[in-house]
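2 protein chains.
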Amino acid sequence: MSATDLDNEVASHLKSLLPDDSYASLRDTVLPTLLSSIGAVAEALRTSSRVSQLGSSNSFGDDQLNVDVAAEDIIRKALSSCPSIVTASSEEDPVERMKTDAARVEGDLEHYTLAFDPLDGSSIIAPNWSVGTIIGVWKGTTAIGQNPENQIASVLGVYGPRTSAIVAVRHLSAITACFEVGINFAEERLATELLRPQVRLEEGPFKTRYFAPANMRAAAENHKYMELITHYISQKYTLRYSGGLVPDVVHALVKGHGVYISPVTEKSKAKLRRLYELAPIALIIECAGGVAVDPVTGERILGKAIENTDERGGLICGTSHEVRFAIHKLSG
Amino acid sequence: MSATDLDNEVASHLKSLLPDDSYASLRDTVLPTLLSSIGAVAEALRTSSRVSQLGSSNSFGDDQLNVDVAAEDIIRKALSSCPSIVTASSEEDPVERMKTDAARVEGDLEHYTLAFDPLDGSSIIAPNWSVGTIIGVWKGTTAIGQNPENQIASVLGVYGPRTSAIVAVRHLSAITACFEVGINFAEERLATELLRPQVRLEEGPFKTRYFAPANMRAAAENHKYMELITHYISQKYTLRYSGGLVPDVVHALVKGHGVYISPVTEKSKAKLRRLYELAPIALIIECAGGVAVDPVTGERILGKAIENTDERGGLICGTSHEVRFAIHKLSG
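These protein sequences, in sequence, are chains A and B. The first sequence begins at 1 in my numbering and counts up one residue at a time. The second sequence begins at 333 in my numbering and counts up one residue at a time.
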């Protein structure tokens with residue numbers, strides 16, 4: 001696959017963000033392939049209603065897994081056409097494996113590691129709510145133990161009434177950017193559209209203010225989280241919380257403001273995987289001008305290296321002053 | 333369009349629910365046409381990312397309306413092939429109009445009135461969250477002032493990663509039923525699938541309990557609603573609230589339990605339209621074995637006639653004991 005498979009506008013936009021040919025593979029092959037595979041996952045979801053519907057509370061288990069595995073397979077298969085991706089791991093198969101032929105790729109100076117969550121939000125697949133894919137692209141042959149600055153791109157795929165993706169790029173000679181692409185993949189053909197050339201989290205003030213309180217049950221045993229939620233209600237914030245990490249974060253990005261809170265309390269352990277969920281989302285949020293921090297330390301998610309593929313944490317992200325306020329309330 | 337356009341399983345299911353030929357048009361034309369038009373609306377949404385995306389907080393207004401109007405047009409056009417539908421009105425055009433040729437339909441003893449909300453959830457279209465269509469089918473030439481028992485069928489279309497619909501049928505010789513259909517409409521061809529022959533709201537107990545608190549801002553000025561929300565949090569209910577009426581109600585239907593609350597308080601007026609939103613949803617919920625009541629009076633939504641197309645109200649619906657508890661807390 002080459003950049004010509006993308007709509008001209010999207011291809012030009014990528015070219016303007018990554019003019020340096022030391023990123024040629026990322027620009028012309030890796031990112032187009034990832035967008036295409038998101039289109040293919042969307043098509044698989046759209047036509048597999050019977051498989052998906054089995055994932056109800058009545059019949060949880062293996063059948064639900066099928067959709068996750070299908071998404072995993074589609075993305076893995078797509079990667080095989082990207083020689084510059086030498087290592088990949090996913091939330092479904094959380095072991096970094098180098099491609100067996102990776103060492104043999106000659107004349108290609110670009111080497112990338114992919115870390116992805118093929119289908120996030122399995123609990124809301126059965127009722128047909130929007131779900132998503134999360135992908136981080138790292139420079140080099142591993143993401144573990146690396147400076148988070150090496151994560152130079154990330155992509156969130158959103159499967160809803162239509163298919164869309166938020167893409168972030170940030171590294172040295174690349175221009176820091178966050179943009180939205182519309183994707184339509186049907187009958188093996190990919191159509192893309194540049195929807196928002198610049199996704200930005202603004203400071204406001206806004207008439208409507210949004211909050212997304214994840215793991216609200218934790219507030220039952222943590223008075224600070226309960227007080228924070230009560231604060232939002234009494235201040236008449238608007239609740240938008242689907243329980244899908246991708247749609248919940250993308251809501252803020254598309255509306256241009258908002259705060260997402262997934263706290264960690266004594267009785268409620270950290271749930272989100274740093275490699276497959278937190279790091280890619282943090283890059284998107286930061287490239288959009290927002291802030292993504294650890295709810296316990298208040299420090300940037302991207303402030304420290306990821307120790308292993310199963311390392312977990314909480315998340316507060318969104319508009320910077322909203323994130324600062326939430327951290328102040330939870331840790332104060 | 334005839335029933336043969338439906339998948340055999342869906343057509344047989346409808347035939348088993350409506351064996352009486354006095355419902356032949358409803359069974360063979362009206363319901364298949366409505367399912368088909370939901371497929372067509374899904375296809376329109378899927379391929380109109382640019383129109384939809386304009387509906388962000390930055391550029392609200394006419395552009396957003398385009399998607400609503402497109403859905404309205406698709407459904408209206410479909411109705412023209414249903415001679416037994418003699419009257420129709422919608423949330424976009426809330427005036428009951430009888431078809432000009434309606435009086436001339438001879439030999440057809442079935443006459444139906446349609447009341448529909450073509451695209452509910454405009455505020456969450458831009459971020460690509462699931463949205464829906466709501467349709468009520470009434471016996472006779474008007475829905476206004478009629479016994480709500482005359483609403484003999486209703487349909488909720490869900491536009492998410494795939495397209496699905498919940499259908500309810502209840503009247504005299506018809507068998508009371510609520511079922512789920514998978515819909516795939518592409519290249520002018522409709523494919524349907526019977527996903528859940530019986531959608532049921534069960535009493536539990538369940539390990540996970542869901543709540544969907546609409547208009548949470550009202551709790552800022554209403555301590556009873558605030559206490560109810562605090563109760564759910566302290567009892568560790570799981571929050572699922574997208575802000576889209578259709579996906580929020582369908583979440584409970586597909587999970588098999590849950591409660592949706594849209595209160596009416598002194599400062600927060602009733603918002604949901606009885607004709608286009610409340611009545612069709614109440615029929616679905618009741619046919620699934622649940623309860624749908626007015627939050628002020630505690631009485632059945634379907635307990636009294638609809639006075640005009642703009643009449644509004646609140647809603648508490650879902651699993652019966654959850655609804656009773658919420659009413660008790662809000663009115664107690």
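Treat the hints with care, as some may be off.
Straight-line C-alpha distance at most 20 Å; calculated EDC-like pairs for lysine to aspartate or glutamate [claimed, not checked]:
hint, chain 1, residue 1, chain 2, residue 2
1, A, K236, B, D642
2, B, K568, A, E221
3, B, K556, A, E227
Just some of the chain A residues that point at chain B, by a computed CB distance under 10 Å [what the hints assert, rightly or not]:
hint, residue
4, L79
5, Y237
6, A252
7, F325
If you're looking for bench data, these hints aren't it; they were derived computationally from the structure. Glycine residues also receive a C-beta, built at the ideal position from the N, C-alpha and C atoms.
Minimum beta-carbon distance criterion (10 Å), A/Y237 to chain B:
At about 7 Å, which falls below the 10 Å cut-off, the nearest Cβ of chain B leaves the hint on A/Y237 intact, so it holds.
Regarding the pair B/K556 and A/E227, is the alpha-carbon distance no greater than 20 Å?
Within the cut-off at roughly 17 Å; holds.
Mind checking the alpha carbons of B/K568 and A/E221 for me, to see if they're no more than 20 Å apart?
At roughly 9 Å apart (the allowed maximum being 20 Å), A/E221 and B/K568 satisfy the hint.
Quick one, are A/K236 and B/D642 close enough, alpha carbons at most 20 Å?
The given pair, whose Cα atoms are some 26 Å apart, is violated under the 20 Å limit.
Go through the hint on A/F325 and say holds or violated, using the shortest Cβ distance to chain B against 10 Å.
violated (17 Å)
Holds or violated: A/L79 as interface residue toward chain B, Cβ cutoff 10 Å?
Hint violated; A/L79 Cβ to chain B Cβ min 22 Å, cut 10 Å.
Interface restraint verdict for A/A252 against chain B (beta-carbon cut-off 10 Å)
Holds, about 8 Å.
This entry does not satisfy hints 1, 4, 7, going by the numbered hints stated previously.
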